[in-house]
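Those protein sequence lines, which keep their order, are chains A and B.
Numbering of the first sequence is given in the numbering used here, commencing with residue 334 and proceeding in unit increments.
Numbering of the second sequence is given in the numbering used here, commencing with residue 7 and proceeding in unit increments.
Keep in mind the hints are simulated off the structure, nothing from the lab.
By construction, the Cβ of each residue, glycine as well, lies at the ideal position given by its N, Cα and C atoms.
Hints are supplied without guarantee of correctness; some may be wrong.
[Unchecked claim] Which residues of chain B face chain A? A partial, calculated answer using Cβ under 10 angstroms:
#	residue
1	S10
2	R128
3	V132
4	H193
5	I267
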Amino acid sequence: MLATPAPSPAETRDNAAFDALLWAMSRPGVPRDLPEPGEGTVITALLDRECLVYSADPLLMPEIMRTGAELADIDRADHVFLGAMTASDPLAAVAIGSDNYPDDGATVIVRASLGSGAAVRLTGPGIDGAVTVQLGGMPDGFWKARAARLRYPMGFDLFFVDGARAVGVPRSTNVEEM
Amino acid sequence: MSLSTLTKPWEAMSYGFLDGSAKRELRRKMLKSVAVPGCQMPYASREVPMARGWGTGGLQVSLTLVNPQTCVKVIDQGADDSVNAASIRRFIAQVAGTPTTMDTLEADLIQSRHRIPEEILREDQVLVLQVPNPEPLRPVQPNMSIARQMHADADYGRMWLQLYEQIVRSGRVMQGASYPSLVNGRHVMTPSPIPRWDVPKLHMARHLTILSAGREKRIFAVPPYTRVEPLVFSDVPYKVEEHGHLTCTRSGTRGFFMNEIPQDDGSSAFEVSDSEWGVKTIRARDGDGESRGETWYKNGEMPQ
Numbered sequence: 334m335l336a337t338p339a340p341s342p343a344e345t346r347d348n349a350a351f352d353a354l355l356w357a358m359s360r361p362g363v364p365r366d367l368p369e370p371g372e373g374t375v376i377t378a379l380l381d382r383e384c385l386v387y388s389a390d391p392l393l394m395p396e397i398m399r400t401g402a403e404l405a406d407i408d409r410a411d412h413v414f415l416g417a418m419t420a421s422d423p424l425a426a427v428a429i430g431s432d433n434y435p436d437d438g439a440t441v442i443v444r445a446s447l448g449s450g451a452a453v454r455l456t457g458p459g460i461d462g463a464v465t466v467q468l469g470g471m472p473d474g475f476w477k478a479r480a481a482r483l484r485y486p487m488g489f490d491l492f493f494v495d496g497a498r499a500v501g502v503p504r505s506t507n508v509e510e511m
Numbered sequence: 007m008s009l010s011t012l013t014k015p016w017e018a019m020s021y022g023f024l025d026g027s028a029k030r031e032l033r034r035k036m037l038k039s040v041a042v043p044g045c046q047m048p049y050a051s052r053e054v055p056m057a058r059g060w061g062t063g064g065l066q067v068s069l070t071l072v073n074p075q076t077c078v079k080v081i082d083q084g085a086d087d088s089v090n091a092a093s094i095r096r097f098i099a100q101v102a103g104t105p106t107t108m109d110t111l112e113a114d115l116i117q118s119r120h121r122i123p124e125e126i127l128r129e130d131q132v133l134v135l136q137v138p139n140p141e142p143l144r145p146v147q148p149n150m151s152i153a154r155q156m157h158a159d160a161d162y163g164r165m166w167l168q169l170y171e172q173i174v175r176s177g178r179v180m181q182g183a184s185y186p187s188l189v190n191g192r193h194v195m196t197p198s199p200i201p202r203w204d205v206p207k208l209h210m211a212r213h214l215t216i217l218s219a220g221r222e223k224r225i226f227a228v229p230p231y232t233r234v235e236p237l238v239f240s241d242v243p244y245k246v247e248e249h250g251h252l253t254c255t256r257s258g259t260r261g262f263f264m265n266e267i268p269q270d271d272g273s274s275a276f277e278v279s280d281s282e283w284g285v286k287t288i289r290a291r292d293g294d295g296e297s298r299g300e301t302w303y304k305n306g307e308m309p310q
């Protein structure tokens, strides 16, 4: 009989990163700890050569290239890394999928500072009632730009990364600016 | 860049059987299925050493989620000890080195076929349901491209027509298992062939439910605190099986979903379907300590 395989360090890290991402996506607004600070673990847990990736942050490029993912324009990419955003324009170009295939909507990863800045009130699936979360460092009109693109079930799903903490805001979440 | 940075050390078998690219694809699809509750997402569905249709979809999700600390419980039609459940549980433990349990309250990950446990699942637990037929529209629209368009248009009139015809023909809704349910007010899904008894447990539940059909290559999810409403007419209320008054002949527990066991004299005996609940009841009766958690149904009724 085969011995039980032991997880490699990379496997352990990717598994923990995905666990955090899945929890964050199913409980919008609740921060979850990634195994390491930054987008690195998100990249290794999710991306491979089947992915089309856009990154606005050139510092993430080496890590993305290592996964074998193909670089693409923002409107074709299924994973969009926007880094620290200065303007909300990129959201206008992000892929939102189609009514037939909502899964073609992009996963967008943005850097934010959790617990400071403007507060938003989230309601929808995954939230017991409502949750208020402070997401600082967002450019003006970010949530308006998101709302302008969403045509549920078409839309894109957001992860906000602050150091090793991640917050998810899927397309199913209603966001109210406070 | 050197060769060693581009490759990984040799392994006899990847951890959790599935290779890295299979896991990453499932991760991406799981995130999307949580983002659009109840919407069926296509995925590749890799080969696992088990025939398709025997829980390969659920198994792939479980193998992606587990790590050596994840305590795994596997249920087949309520029982932990049937062949399908025992084999899947042993396989996961063998390829992922996970602890296993039969206790619903101890488990971190519960893979299930056709039942949801009677004890309330916690926020940190994940329920993985095996799905034979993920398409609720198949009885009314066998062409899956048209069915996909109907989902896109939220065109569910024929689902109600089907229920109406059942009521006209038989006087009641005949759909016993996989009762079509509206998720988050937008997508109709099949909750997998769980009895009607179990569907209300998904409504605004604390836990995450992932439903995966390996043979049909589709995955969908019900996040926590999400509306799951069985399709009903306002004047014909949703009815669960009338098991609230039945008593289990082996454990004496009352008010839970039962298996009917035909007797030689033509009558029926009943046995609680959630086998571990029965075991816990017997233990409590024999004075071996109380290990039963809070249940969804109380005195055979689902509190509103």
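To see whether the hints hold, each was checked on the structure:
1. S10: Violated - the Cβ of S10/B stays beyond 10 angstroms from chain A, reaching only about 13 angstroms at its closest.
2. R128: Violated - the Cβ of R128/B stays beyond 10 angstroms from chain A, reaching only about 13 angstroms at its closest.
3. V132: 8 angstroms, holds
4. H193: Check passed: Cβ of H193/B comes within 7 angstroms of chain A, closer than 10 angstroms.
5. I267: 37 angstroms, violated
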